[in-house]
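S.K.: Sequence:
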Amino acid sequence: MRGTFLRIASINLIFTAYFENTMRIDIITVLPELLKSPFEASILKRAIEANLVEVHFHNLRDFATGGYKAVDDTQFGGGAGMVMTIEPIDKCISKLQKERNYDEIIYMTPDGEQLNQSIANQTSLKENIIILCGHYKGVDQRVRDRFITREISIGDYVLSGGELGAAVLCDAVIRLIPGVLGNETSALTDSFQDNLLAPPIYTKPREYDGMKVPEVLFSGNFPKIEKWREEQAYKRTKERRPDLLED
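In the UniProt record's numbering, the protein residues as written are 1 to 247.
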């Protein structure tokens, strides 16, 4: 079990080394009011207040022209649904790129690669990222061709826009920043970090309505406890997500 502790410690050192500068996330959206509330409570709020991450919202309509500030138009070739136009997106991204370099420009879309812990880990090591929230039928393909470096989905279903997906991605990423959870190893031992689901966890009382906490957790033998947790994690993964064991 010593290898497990050493692996976590080494990963922790790598994460800490990468986070010398505050991470910055710029989110481009047509509905900034929908996105703000997740960042005004709990862990994300504390991370922002502690200057561990900066999150900035950019209303795409501020970069649109015309009296109606429209950011969408009908499809060439016909078809149902409106398409987000390239011009306001170009203006917004270009303005941000003049101010700083970005490591990643992410587009939230149902046809992107499905978000998993590996993607969250990779993204958390970036310093500056832009997240573009899709809306309507999606964005003009030329936006994807010119600007987007990664396309991410949060599942095989369609939402009204990319805002909720962006919030999910941010939560998964920000909690990995050293200092956000107070104990970095807490995040590094979550489900999926080793392609395993997390083992069962318990707290007080020791017994409730005839249900007892496993005795091994009171043994004080930490290698034995760690071995039990690994066995339980493997068992749970095999029962619930056997596909993770195939990777």
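Simulated from the structure, these hints should not be mistaken for lab results.
All C-beta atoms in this analysis are idealised placements derived from N, C-alpha and C, irrespective of residue type, glycine included.
Some hints could be false.
[Stated by the list, open to error] Think about it this way: if two alpha-carbon atoms lie no more than 27 Å apart in a straight line, the pair counts; the simulated DSSO-like pairs of lysine-lysine are:
#	residue 1	residue 2
1	K69	K45
2	K36	K95
3	K126	K98
4	K204	K235
5	K212	K238
6	K69	K126
7	K212	K137
8	K212	K224
9	K126	K212
10	K212	K235
11	K95	K69
12	K69	K36
13	K238	K224
14	K36	K126
15	K238	K137
16	K69	K91
17	K95	K137
18	K224	K204
[Unchecked claim] Simulated restraints on C-beta separations:
#	residue 1	residue 2	range
19	R236	K212	15 to 21 Å
20	R100	I201	37 to 43 Å
21	N101	Y208	51 to 57 Å
22	I201	K98	45 to 51 Å
23	F222	G81	35 to 41 Å
S.K.: So which of the earlier hints does this model not fit?
M.R.: Of the numbered hints given earlier, those the structure breaks are 1, 6, 7, 9, 15, 23, listed in rising order.
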